[in-house]
Amino acid sequence: MPPRIPTKSSASSASALVRSSFVSPCTSQCLPSCRAGFSTTPSLERSTNLRRAFMQWQKTIGANFKQPKPEGGHNYLSNSNQPFPLNPQFRSDRVLDEQARELIWEKVMRQGETLKAVSAELGVDVTRVAAVVRLKEVEKDWVSKGKKLATPYSKAVLGMLPTKSFRPGVQNQPLEPINELHIHTATQKQLFWPTAESRQFTREDAAKAFHAKMLSADKRVPHPELIQMEKNLLHGMSPDEARAHFISAAEQSERMAAEKQVKKAMAEEQATKRINTQRFEFRFKEVDSELVGKDGRAPNVVGWKYGMPHYDRKKGMVKIPTSVP
Amino acid sequence: MPRAAQRRLHVLRRPKLRQSWSKYNLYNIWRQRDPKIGFTDHETFFQQKWRAKGLLRAYHGEHIKERDWERMFSRRLLSVANMNPRYMAENDGSEMAAGRGSGQDIVQRWKADKVDPKTITPYMNMAFAPMERRLDIAIFRALFASSARQARHFVVHGKVKVNGKVMPYPAYKLNPGDMFQVDPDAVLFATGQPKKKGGSNARQATKAPQDNAEAEPAAAEAEGAEAEAAEASEVPEQDPETTDKPEAPPADMKPTRQAIQKLTKQAKSILARDRDVSTSQKQNLRSFLKKAKPLLSRAGRPAATPTDILSELNSMVKDLNLSDASAEAAATPAAAAAPTESSTAVTRREPPRSIDDLNADELKALHRLINEEEENPADPAKPYHTPWKPRDYMSAFAFIPRYLEVNQNVCSAVYLRHPVARVGSAEVPTPFGYQVNQLAFNWYLRRR
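Chains Z and W supply the protein sequences, listed in that same order.
Residues in the first sequence are numbered consecutively from 1, following the numbering used here.
Residues in the second sequence are numbered consecutively from 1001, following the numbering used here.
Some clues are possibly wrong.
As the list claims (entries may be wrong) - Not the full set, but computed from the structure, chain W residues with beta-carbon under 10 Å of chain Z:
hint	residue
1	Q1032
2	D1092
3	G1093
4	Q1108
5	R1109
6	A1112
7	V1162
8	G1164
9	L1358
10	N1359
11	F1397
12	L1404
13	A1413
14	R1417
Claimed, not checked - Within a straight-line C-alpha distance of at most 27 Å, the following computed DSSO-like cross-link-like pairs (lysine-lysine) qualify:
hint	chain 1	residue 1	chain 2	residue 2
15	W	K1016	Z	K59
16	Z	K66	Z	K164
17	W	K1282	Z	K264
18	Z	K69	W	K1173
19	Z	K148	Z	K164
20	Z	K319	W	K1065
What the hints assert, rightly or not - One-sided excerpt, in silico: chain Z residues whose CB lies under 7 Å from chain W:
hint	residue
21	F54
22	W57
23	F65
24	G73
25	S92
26	Q111
27	V133
28	H184
29	M214
30	L215
31	E230
32	F282
33	V302
These are computed hints drawn from the structure, not numbers from a lab.
The beta carbon of each residue, even a glycine, is placed where N, CA and C say it ideally should be.
I would like the entire structure built from these sequences, with the hints used as guidance.
This is how it looks when you write it as structure tokens:
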């Protein structure tokens, strides 16, 4: 442990250094800590080879990375869009620029297009479309409240990243693949499933073979309507008509999802009895204490269960929330 | 073994790669060569895994206890497959059951000179995917903090909200659809240039100039490795209008004084050439000289700023109202502002007297300047350098993984989904390649 009361040598190292620097220049030979007058760390006597090599790098190759490129775009150690030279499998993907975000917000909020339609038109993932709109709403809210945006930061960051913009009213190159299927764990096993050679074994059958309740890939993809549209096109429907069908199907599916959500919320509300006192709002729900699962120890049931220890009152158990509604 | 908080984050000897934008870290990433684990047989499998996990754990959440990470680890690696709607419309899947039950045989080109290897789905690069769910690491990935540790600090200090509620736990695991917001001031502080040293408090800024001249080189030399020559010499060129007045080190008034003296001299020389000048012009010049004297003495005082003095000088020159060509040269304030240019600036066009004199381009430029100043003002109260500029070496680290959607204007981001692997790429930003990740993944499977 360093002495509490600094010794003469350690306490005065910084000030002595400042004074002696005029006599014997010791540029880049001392630790940064010796700038502070209260530091008890003795200053480094000599520069190491490693440090010298670092300095050299900083003046030569490293100088390219100090500032972002004046023309914009990425500035990584490798010349491509690969931030880590040793990992070619991670690449920096393009992000939507301000104009593209504004366009998406405009389409969804002003023109009332469905998320799926916007996603299919621009080639942006549905979840990303929703997120862009949500974030843009926050931004508009800030502007209306007169809260200051971090514009210089935004400009600087978007200037450093590969960006993507869209031109309204024309066919654009997609940002990312939009119809990506999540690889379900049940489908990752190898299966030996004898069937008749004459049988047309479709994706539907394959899903059933993996699990009785599994839906086929056609239903699990984010854009099942797109597959239907392509089928319509294959059957000779005109592109305009197929597009109209797709848009109405997207609207339908979005409406159904919204209705489902509303229904769920309503059911929740009906099952809850609220009693508002001055200080608290009590919410009561009917719970059947008999519903405890097969062995009486189901994890999500109410109340104390025999053989199931409650750790929530134990010392040292951190109760970090698992979700924020 | 020192505690995590006491360990040094960046070292040059036996370097470790970190989640940080430090220049030392950039240098370490740059010089890191492929560790080539498992290429020779002088290491046992256990040793290979041990070394690989050590390399990767130093990067992925080094501030997280090993025990915590082991509980977080999941052997389930997420991936997606791109389904082409056109293909799905054309085929119902039965084509995959053709032949002997796994699709029609692909005709092999046995005689081809070179066969490209199949592109793999790098599942193993997803070994540290559960880490990316952590709030602090997501904040770092969204470019809101300069290191994962700083992001953690922000969370602990209540600067981060998740879905509109303050979330003080850095270990909170984001769920798909969660929006997190970071206090913009904290973001600007984390990602901006630091304040110049010695300029942070007003006492030092108003010190007598000779005092400061002595302290400056000493400080620069004492800084050593941290602020090397490149940083010290890198005084940003700034518009004098936007210069941060109290924050900046005492301004160098020498050029301003020289400019005033030069103008005075020129005015005197014009007065001496009696014939060319009209009486009213002479009167103007004399009043100019009268005013220039106190201005010169004021410029010598420690509290003076070049901006104030120059603006006054400009107004004085405007009042002078000389149509004479030789006097015009003297009246060019731009020439006065930059003594090095003063000789060449004689040929410049007359400075506009008011806003109405500006042409369209100049007006546009003026508007742009005013806008820039408005959105990025000089504010000495801020804990970072103002006007805001991105910190050094930021661009080499700037990438946003696809599982996040970020709006930089409001310093908010949405965690869209968990990171996934696709054919040819994995979304987890990790500094090492497939083999190292595979060995680390195997370490955490706990079958060693």
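Quick rundown of the hints versus the structure:
For W:Q1032, the interface hint holds, since its Cβ comes within 10 Å of a Cβ in chain Z; the closest pair sits about 6 Å apart. Because the closest C-beta pair between W:D1092 and chain Z is about 4 Å apart, less than 10 Å, the hint holds. Hint status for W:G1093: holds, given a least beta-carbon distance of 3 Å to chain Z, under 10 Å. For W:Q1108, the shortest C-beta to C-beta distance to chain Z is roughly 23 Å, which exceeds 10 Å, and the interface hint is violated.
Proximity of W:R1109 to chain Z is violated relative to the hint, the smallest CB-CB distance being about 26 Å (cut-off 10 Å). A distance limit of 10 Å between C-beta atoms decides the matter here; for W:A1112 the minimum to chain Z is near 24 Å, and the interface restraint is violated. A hinted interface residue such as W:V1162 counts as satisfied when its beta carbon comes closer than 10 Å to some beta carbon of chain Z; here the least separation is about 5 Å, so the hint holds. With a least beta-carbon distance of about 8 Å to chain Z, the hint placing W:G1164 at the interface is held under the 10 Å criterion.
Taking 10 Å as the C-beta cut-off, the interface hint given for W:L1358 is violated, the closest approach to chain Z being about 25 Å. For W:N1359, the shortest C-beta to C-beta distance to chain Z is roughly 27 Å, which exceeds 10 Å, and the interface hint is violated. Nearest Cβ of chain Z to the Cβ of W:F1397: about 7 Å, under the 10 Å cut. The hint holds. Given hint, W:L1404 at the interface with chain Z, holds; its Cβ is 9 Å from that chain's nearest Cβ, closer than 10 Å.
Restraint check, W:A1413 versus chain Z: the minimum CB separation of about 8 Å is within 10 Å; hint holds. For W:R1417, the interface hint holds, since its Cβ comes within 10 Å of a Cβ in chain Z; the closest pair sits about 6 Å apart. With a CA separation close to 22 Å, the supplied pair W:K1016 and Z:K59 stays within the 27 Å bound. For the hint linking Z:K66 to Z:K164, the alpha-carbon distance of about 24 Å falls within 27 Å, and the restraint holds.
The straight-line distance between the Cα atoms of W:K1282 and Z:K264 is roughly 89 Å, outside the 27 Å bound, and the hint therefore fails. As the CA atoms of Z:K69 and W:K1173 are separated by approximately 35 Å, the hinted pair breaks the 27 Å bound. In summary, the hint linking Z:K148 to Z:K164 is supported, as the alpha carbons are separated by about 25 Å, within the 27 Å threshold. Of the supplied pair hints, the one linking Z:K319 and W:K1065 holds, its CA atoms being roughly 17 Å apart against a limit of 27 Å.
Interface hint at Z:F54: satisfied, since its Cβ lies 6 Å from the closest Cβ of chain W, which is below the 7 Å cut-off. Hint on Z:W57 holds. Least Cβ distance to chain W is approximately 6 Å, under the 7 Å limit. Checking Z:F65 against chain W: minimum C-beta separation of about 4 Å stays under 7 Å; hint holds. Below 7 Å, beta-carbon pairs count as interface contacts, and Z:G73 has none with chain W, the closest being about 9 Å; its hint is therefore violated.
A distance limit of 7 Å between C-beta atoms decides the matter here; for Z:S92 the minimum to chain W is near 4 Å, and the interface restraint holds. Contact between Z:Q111 and chain W, as hinted, is not supported at the beta carbon level, the nearest pair being about 21 Å apart and thus beyond 7 Å. Hint status for Z:V133 relative to chain W: violated, with the closest Cβ pair at about 10 Å, above 7 Å. Taken as an interface hint, Z:H184 does not check out: its beta carbon lies about 10 Å from the nearest beta carbon of chain W, beyond 7 Å.
Because the closest C-beta pair between Z:M214 and chain W is about 13 Å apart, greater than 7 Å, the hint is violated. Evaluation of the Z:L215 hint against chain W yields a violated restraint, the C-beta minimum of about 13 Å exceeding 7 Å. For Z:E230, the suggested interface contact is upheld, since its CB lies about 4 Å from the closest CB of chain W, less than 7 Å. Evaluation of the Z:F282 hint against chain W yields a violated restraint, the C-beta minimum of about 21 Å exceeding 7 Å.
Taking 7 Å as the C-beta cut-off, the interface hint given for Z:V302 is violated, the closest approach to chain W being about 23 Å.
Of the hints listed earlier, those the structure fails to meet are numbers 4, 5, 6, 9, 10, 17, 18, 24, 26, 27, 28, 29, 30, 32 and 33, in rising order.
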